[in-house]
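Engineer: Given next are the chains, with one letter for each unit.
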Amino acid sequence: LAERPSLAGVRHILLVLSGKGGVGKSTISTELALALRSAGKRVGILDVDLCGPSIPRMLRVQDSAVHQCDSGWVPVFVGQDKAIALMSIGFLLERPDDAVVWRGPKKNALIKQFVTDVAWGDLDFLIVDTPPGTSDEHISAVEALRPHQLLGAILVTTPQ
Amino acid sequence: AEAAELRARLRAVRHTVLVLSGKGGVGKSTFSALLAHGLAADETKQVALLDIDICGPSIPKIMGLEGEQVHQSGSGWSPVYVEENLGVMSVGFLLSSPDDAVIWRGPKKNGLIKQFLRDVDWGEVDYLIVDTPPGTSDEHLSIVQYLSATHIDGAVIITTPQEVSLQDVRKEINFCRKVKLPIIGVVENMSGFVCPKCKNESQIFPPTTGGAEKMCQNLNVSLLGKVPLDPQIGKSCDRGQSFLAEAPESPATLSYRNIIQRIQEYCEQHHLQEEKIM
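Residue numbers (my numbering), protein chains in the order written: chain A, 1 to 160; chain B, 1 to 278.
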């Protein structure tokens with residue numbers, strides 16, 4: 001039996017980018033996910049900010065852990081109706097204050113795993129929250145997602 | 001041999017301060033620039049500001065040096081001088097256009113950071129201030145590794161009051177402990193806003209979990225000070241002017257100056273202790 005690629009059931013993938021830190025990428029990603037869910041869409045969030053994962057706290061699941069199933073890692077389900085699928089390195093840390101002090105190659109490997117080994121299921125939208133900058137995480141995320149339904153990027157800024 | 005090269009180049013640097021966060025957009029570059037200006041106000045001190053944020057180098061704009069280029073001489077790369085006693089180096093000066101994206105993976109970034117330390121002719125420096133990007137990754141590991149050839153007085157960690165920032169900053173504090181980097185203290189930026197018209201204070205980023213003060217208590221690190229929001233800060237940065245010079249009466253200026261003094265005192269004391277040990 002051929003294995004279904006983990007993103008096969010995802011209709012649209014949106015990247016939330018900036019370049020600058022602290023402008024509200026994670027906030028926008030979260031609010032966008034909640035709004036789309038409110039509108040009846042099936043939504044997932046992939047948090048590839050490995051050094052500073054903010055999404056779990058924003059959705060009040062900072063103390064959750066992830067489990068494995070036959071088709072890969074099971075995302076944590078969040079939101080009022082527990083229907084938004086979330087994956088973040090935040091769930092893999094033993095202690096929340098543990099610094100993830102990784103060089104590029106290790107970060108790249110995990111991001112690839114987040115894309116290929118998470119059982120995302122059928123989603124209308126997968127929102128990918130990124131860290132500031134234009135480096136390993138961004139290159140790896142785009143490389144891993146490009147073969148799939150990559151809709152485009154939303155860029156977040158502040159006025160200055 | 002490489003370590004010896006770095007040691008030789010950095011031998012004439014008396015004090016090194018790293019400005020870190022973990023969280024982006026909290027004011028690291030702003031603080032680094034003002035620390036540099038503040039220390040360079042003493043004309044007898046030679047100050048160097050090194051910007052190792054390769055993807056988002058803000059220092060050239062904040063220091064009013066956009067468009068400047070780096071020159072090579074027999075003794076290496078020349079920093080760009082803002083004042084006679086204040087030199088700056090940033091990848092920003094190496095780009096042909098300010099909008100060019102530097103899309104590099106870790107190893108290439110590390111290579112440039114090493115070059116900055118090895119090939120820049122800083123000369124005799126009293127204070128080397130290193131501005132860093134957000135996170136705990138290649139740039140941070142590399143700078144700590146390369147600067148072990150000299151010594152680092154310590155790190156100043158910047159945050160804003162809200163928990164979403166603090167949770168990243170706690171990681172940064174743990175990073176410092178992991179790599180045995182002394183922590184000079186924490187600065188809380190954007191700590192309240194006083195309306196210039198009605199003088200009422202608002203918490204734009206409410207410290208829902210006690211802010212930097214509580215975090216510092218819990219983690220046994222020094223709180224160097226709190227700096228309120230002042231729209232003039234952002235304006236001065238955009239215009240490449242020193243906020244301390246443009247708004248000498250602002251409560252934020254007073255906070256910054258106190259913090260800068262505490263950092264100076266820490267460095268001087270540290271130096272005396274080291275000399276005692278030797």
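No lab work stands behind these hints: they were computed from the structure. Just so it is clear, the structure is predicted and the values come from calculations on it, not from any experiment. Beta carbons are placed, not taken as given, at the ideal position from N, Cα and C, and that holds for glycine. Any given hint could turn out to be false.
Once the Cα atoms are required to be at most 27 Å apart in a straight line, the calculated BS3-like pairs of lysine-lysine come out as [stated by the list, open to error]:
| hint | chain 1 | residue 1 | chain 2 | residue 2 |
| --- | --- | --- | --- | --- |
| 1 | B | LYS108 | A | LYS112 |
| 2 | B | LYS61 | B | LYS178 |
| 3 | A | LYS106 | B | LYS108 |
| 4 | A | LYS112 | A | LYS41 |
| 5 | A | LYS106 | B | LYS61 |
| 6 | A | LYS106 | B | LYS114 |
| 7 | A | LYS106 | B | LYS178 |
What follows is a list of derived Cβ distance ranges for each label pair [said to hold, decoys possible]:
| hint | chain 1 | residue 1 | chain 2 | residue 2 | range |
| --- | --- | --- | --- | --- | --- |
| 8 | A | THR158 | B | PRO196 | 12 to 22 Å |
| 9 | A | GLY152 | B | PRO107 | 21 to 31 Å |
| 10 | A | ILE154 | B | LEU95 | 38 to 48 Å |
| 11 | A | ASP81 | B | ASP119 | 34 to 44 Å |
| 12 | B | GLU213 | A | GLY72 | 18 to 28 Å |
| 13 | A | GLU94 | B | SER148 | 24 to 34 Å |
| 14 | B | ARG7 | A | ALA83 | 25 to 35 Å |
| 15 | B | CYS198 | A | ASP81 | 41 to 51 Å |
| 16 | B | ASN200 | A | LYS112 | 45 to 55 Å |
| 17 | A | GLN160 | B | LYS197 | 15 to 25 Å |
Engineer: If any of the earlier hints don't hold here, list their numbers in rising order.
Structural biologist: 2, 5, 10, 11, 12 and 14
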